[in-house]
Each structure stands twice: as C-alpha cells, then as structure tokens.
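Chemist: Here the protein sequences line up with chains X and G, keeping their order. Residue numbers are given in my numbering: position 50 of the first sequence equals residue 50, and the series is strictly consecutive. Residue numbers are given in my numbering: position 311 of the second sequence equals residue 311, and the series is strictly consecutive.
Since the hints were derived computationally from the structure, they do not count as laboratory data. Please note that a few of the clues may not be correct.
Non-contacting residues of chain G with respect to chain X, defined by C-beta distances greater than 10 Å in every case (computed) [unchecked claim]:
1) 72
2) 172
3) 260
4) 275
5) 294
Taking beta-carbon pairs under 10 Å as the criterion, some of the chain G residues facing chain X (in silico) [unchecked claim]:
6) 66
7) 71
8) 103
9) 105
10) 109
11) 111
12) 207
13) 210
Backbone N, C-alpha and C define an ideal beta-carbon position, used for all residues, glycine too.
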Amino acid sequence: MKRFILLLCLYLPFTTTASEEARARSIIDEMEQLYRGDSSDATITMEVETPQYQRTLKMTGQSLGKELAFFRILSPKKDRGVATLKRDEEMWNYFPKINKVIKVPPSMMMGSWMGSDFTNDDLVKETQLIDAYHLSMTEDKAMYRVTLTPKEQTVTVWGKIDYVISKDPLLPVSQSFYDEDGEKIRELTFLEPREYEGKLMPSILEMTPLNKEGHKTRIIYDAITFNVPGITKQTFSMRNLKSRF
Amino acid sequence: MLTLRIAFRNILRQKRRSLLTGLSMTGGYMLFVFAYSLLEGSYGNIIDIFTLDNTGHIQVHKEDYLDKPKIYKSVQDRATVESTLSDHPKVKSFTPRVFSPALAYGTDKTAPSRVIGVDTETEPTVSRLREKVSEGNYFSTAPDADGYYEAMIGHGLATSLKIGVADEIVLISQGADGSIANDIFVVAAIIGNRTSFDRMAVYLPLATAQEFLAMGGDVHEYAMLIDHRDNSRRVADELAGFLPDLTVSPWEEVQATFYRTMQSDRQGNNFMMGLIVFIVFIGVLNTVLMSVLERTREFGVLRAIGARPASLIRLITLETSILATISVLLGMVLIAPMVYWLSQVGFLVPEPIDMGGIEFQHMKGEFSLQVFLTPMMFMLVTAILISIPPGIRAARILPKEAMGAH
C-alpha cells in the first residue's frame, strides 16, 4: 500500500502535465482550425508599414487542410498575378511578368514574404505549432496562456512562443515570439473579431517586429468562406500556379 | 656682402672640386626629380583609371549610402543637386545612378548580379562606359519592338549565364516599396572583360531601372568629374556647404582602401628618395670638411682679426648653399625636358596594363611645379644642415694653434 502511494505520488505530476498538454493542444488546434476550416477561400488586404514606405496589397488566399495554401495578388497593378504556392514545407513564387516559378530556397525561409513583416516561414510553419513544440499552459479567469518551446528536433529560430487565447469567446489574442536568449523579437496580435458566415474570428492580424522600429504589417480579412467545394488538390498544382488570370 | 664675396671666392678657388661636388648634387637632384615624377605619374595614372572609369572625382549620396547601401537611402531633391553641380565652376560633368543587387536568369542558369541604372546621355561624360562596349551597341532608352527595354551586361555575367547580344535576361530584385521587382530585358551589349570591376553588372537606362526598382524619380548617387583630381577634397567641401542634407565624398573617401595603400606606399618611396639624397650628401659633407681643414690657417687669421664664430658658420653654410642652388638650377634645366617627355609620351610598357577593359600602354610621369620644387627644397635644406658641423668645427678654431697649421 505504502509503495502504491509512493508510485502514485511519482506518477501524478506526469498525468496532470500530460492532460494539460493535451488540453493546450486541443485549444491551439481549434485556433488553427479557426482560420482554415477543411478548406477556405479568403479575400485579404495586407498593409505594410515601414519608415520608408506604405504599401497595400489585395489578394486572394485559398487553403486545403494544413498542408496546402495558395495566394494570388490582385492589386496594385504592378504586382497583379504574383502568386505563392505552399505545399507541405515547400514554397514557390510565380511571377507572371517574367513567366517564372521560383522555389523559395531554405535559406530564404526567414526572408520577408512580399515585402511584409511576415516571413516565408510563417506561411509554411505556422500551421505546425502543435507538432513541433512542447506546450505548457496556465490560465486565469479570462485567458489561457500557452507557452510553446521547440522540441529538440524542431528546426526553428524561436526559443519560445507565448500564445494568449481569450476564453469567452474562445479566440486568439496574441502571439509573442522570443529568440534563444529569451528576448522578445516580435508580436502578432489578433484584433477586431467579426462574424464571417456566422463564425466569429479576429478580422485583423497585426505583426509588429520589435527589432525594427516603425515596421508593422496588418492582414485584414475582407471576406472568408469555409469548406468550399471548388477548392481541391488541383487548386494547389504547379499548373494552377502558372495559369494566367 | 663681404661674406658673400668670400664665399664665392672660396667656391671658385678649387674649381675642379666644386665642379665635381656640384655635379654630384645635380645628378642627385635629377634622379630625385625623375623618380618623383614617375611615382606621382603612376599614382595619377591609377587614380585616373578608376576615377575616369567609374567612380568620378566626387560622389554625392544620401546619408551613409557609401558604407551601408540601402535601396531607400536615395537622393530625392534632384533639382537642387543638379543646379548646384551645374553652377559650380570646377564641376565639368556629372551623372545620376541607381544601384541594386539582383538575381539574373539566363535561359537556364542563374547568377547574382548588380543592377546599375545610368543616364544614357550623361554617363559617358563621366565614365568610360561607352568605350567599354566590347560587343553589340551602346544601349538606348527606347524599348524594342516587343516592348522590352535594353540592358548592357558585364562580360562575367554573359559568360556565367551563357547569353549574348540580343538574348533575353530576366532580373529579380527587391523594389524600394518592398515589392519583388521582376522583369525581362534584352541584352544590347557586353561590357568590359573578365577583369572589369563591373563584370557581373547589368546596366539599365536610368528611367527603366527606376521603374524596375519602384524608386520613382529618386537616384542613389551622383558621380562627377572636376577640373583636376587633386582638387577633389576642396571642391567636395565647397559642394557639401551647398548640399547640407547629403554626403559629398571625394574619391579619397570613395576608394578609401586604395587611398590608404597609396599613402603608405608613398611613405616607403619617400624613404628611398631620402636615401638617394643622403648618399649624395655624404660626398658633399666630405668636400665641405676638406675645404674647412685646408683653410684652418685662413680661419685662424679671420678669428684673430675679430671675425665672430657665428659669421664663420654662416660663411660655410653660404658656400654650400650657393653651390647647391647652382647645382639644382642646372639639374632643373637638364631634367625638365626629360620629365616633360615622360609626362607626354612615357615609357612603352612591354605588356599593356589592362584595367577593367581599358588598356594602358605607356607609363607616364607627372609634370608639375611640385615635382621640381619638392626635391629642390629637400636638397637645399639638406645642404644647409650638412654644412653646420664643418661650420662649428671652423668656429672652434683657436687663432694661436691655427696660425701654426699648414
């Protein structure tokens, strides 16, 4: 009996962390699912602000599951038709003016995507938080605070990500990215929740890099529909990437 | 006046000795001037090579573009800059440029390259771009029948992309507004050879490059030529006064590494020339000492009738200076035509020096006042210095002992 209690005492902490990690996992999964559904079709406005210039891009974005995503710029006119295809961990850009598909090399993954403060990596990896990170969670009355630390085998530049989620409604509030020295590098905040087809979700994603003064990128969801029958694997083919439109 | 007369008499007393001493000084001076002229000339040559080939004598940039180039550090108020430059009497010509790194695609190859946007009209007045066209024709600002603009590419880029004149080249770069610049151009000419500094460059007409990089009307650089390369610092300072918001850099700053190397090289050469003068003057010292020794009796008499030690030192210094001045003047007359020939024709180099696609066949000297005056001053000062020890020796002579000497 005594031995059993001892064993139980040893075991208990693990069960609680395990179950907590599972809860955190399901919460984050739900957050990720929020913007994606099984498939999604969105119209997005991206505003890039730097000390030197402001730029507004309008684009469409489609996704299917976790692995496939496709973006195409509608305006400004100069960039119209420039497209990005993401398949698993790979990315390609298509430039209609020169009729060329260019694969984003691994070395460019941390580079800016279309001149914004989002990196190519954000597009590729953002959807794999759950698999690549250890999760631990604390909660208070209004918020869940999930801390993500990378697993040993995960290739990432982040030492830690703090993910804050409000409980009611259950929506993402912010993500803070820290480097390996524990210094906060950038913050992604989720603003102005809006209903899209009856589904409440933040309509603005604002990325602020803290190491670059005056830089900021806002992604505004103008419209988004989920579980669109027209989006199939064909949408994410090289042929579609190269199609003139 | 009396001292001067005595000095002349003494020089003329030993005509042969004075002549030989004088000739050794003349020879030393000529050697000095010749080496100095050749050295300054070859520096001048190298400086001309890169200032006239590319950098110009003075450049104007925004902030610290020269050290840390960023696409948005651009000159926006071009009208002010251009009117300032055209109003300055020493500025002969100037031209605007834009730069950006880019990825270049041939048919199936890729290479890193550098986009240089230049004004097709004014660029040839500052750099040798037009002369460096090795294949094809100098580009124009007009698009071809298919609407593609012309580009001129460096020899190295043409080789690595395996493209030639009339082929297409695709460029991808980052625009000033954060967009991805991408466009197709048609190769109008190949520039330079494989040693040119711009072997990996893509030259575009200015307006085309500005549109490609989404820069509006802005430029990154103004390069200019002025009346003479040696005035670069002074003119740069004057221009900086008119253009307080911009950075004005003379070529000494643009090519700082070269300039520092040149300065230290020059120091080494000055030491060598000092050595020539030193050897010449050991002989001169010998002569002066001898003439003092053989005149011990004479100095003794002078002292006895009341000449002061200081006036004896002055006498000997004067003798040497007169001899040195005559020698140097003679040397100047003899060497001047030669230096002139050196500056105009120069030595034929057995193998032409190739500098970025332009060949130099002659090693030329410099013909300027400085080339003659610097060695002259050096010789005269050394002559005075070297005659002081014998002078002191003469001043210390005691009349009593001197009278007994032979």
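Chemist: Take the hints in turn and mark each one as holding or not.
Modeler: Hint check:
no.: 1; hint: 72; verdict: 4 Å, violated
no.: 2; hint: 172; verdict: 7 Å, violated
no.: 3; hint: 260; verdict: 33 Å, holds
no.: 4; hint: 275; verdict: 55 Å, holds
no.: 5; hint: 294; verdict: 84 Å, holds
no.: 6; hint: 66; verdict: 19 Å, violated
no.: 7; hint: 71; verdict: 9 Å, holds
no.: 8; hint: 103; verdict: 9 Å, holds
no.: 9; hint: 105; verdict: 7 Å, holds
no.: 10; hint: 109; verdict: 13 Å, violated
no.: 11; hint: 111; verdict: 14 Å, violated
no.: 12; hint: 207; verdict: 15 Å, violated
no.: 13; hint: 210; verdict: 13 Å, violated
When held up to the earlier numbered hints, the structure conflicts with 1, 2, 6, 10, 11, 12 and 13 and fits the remainder.
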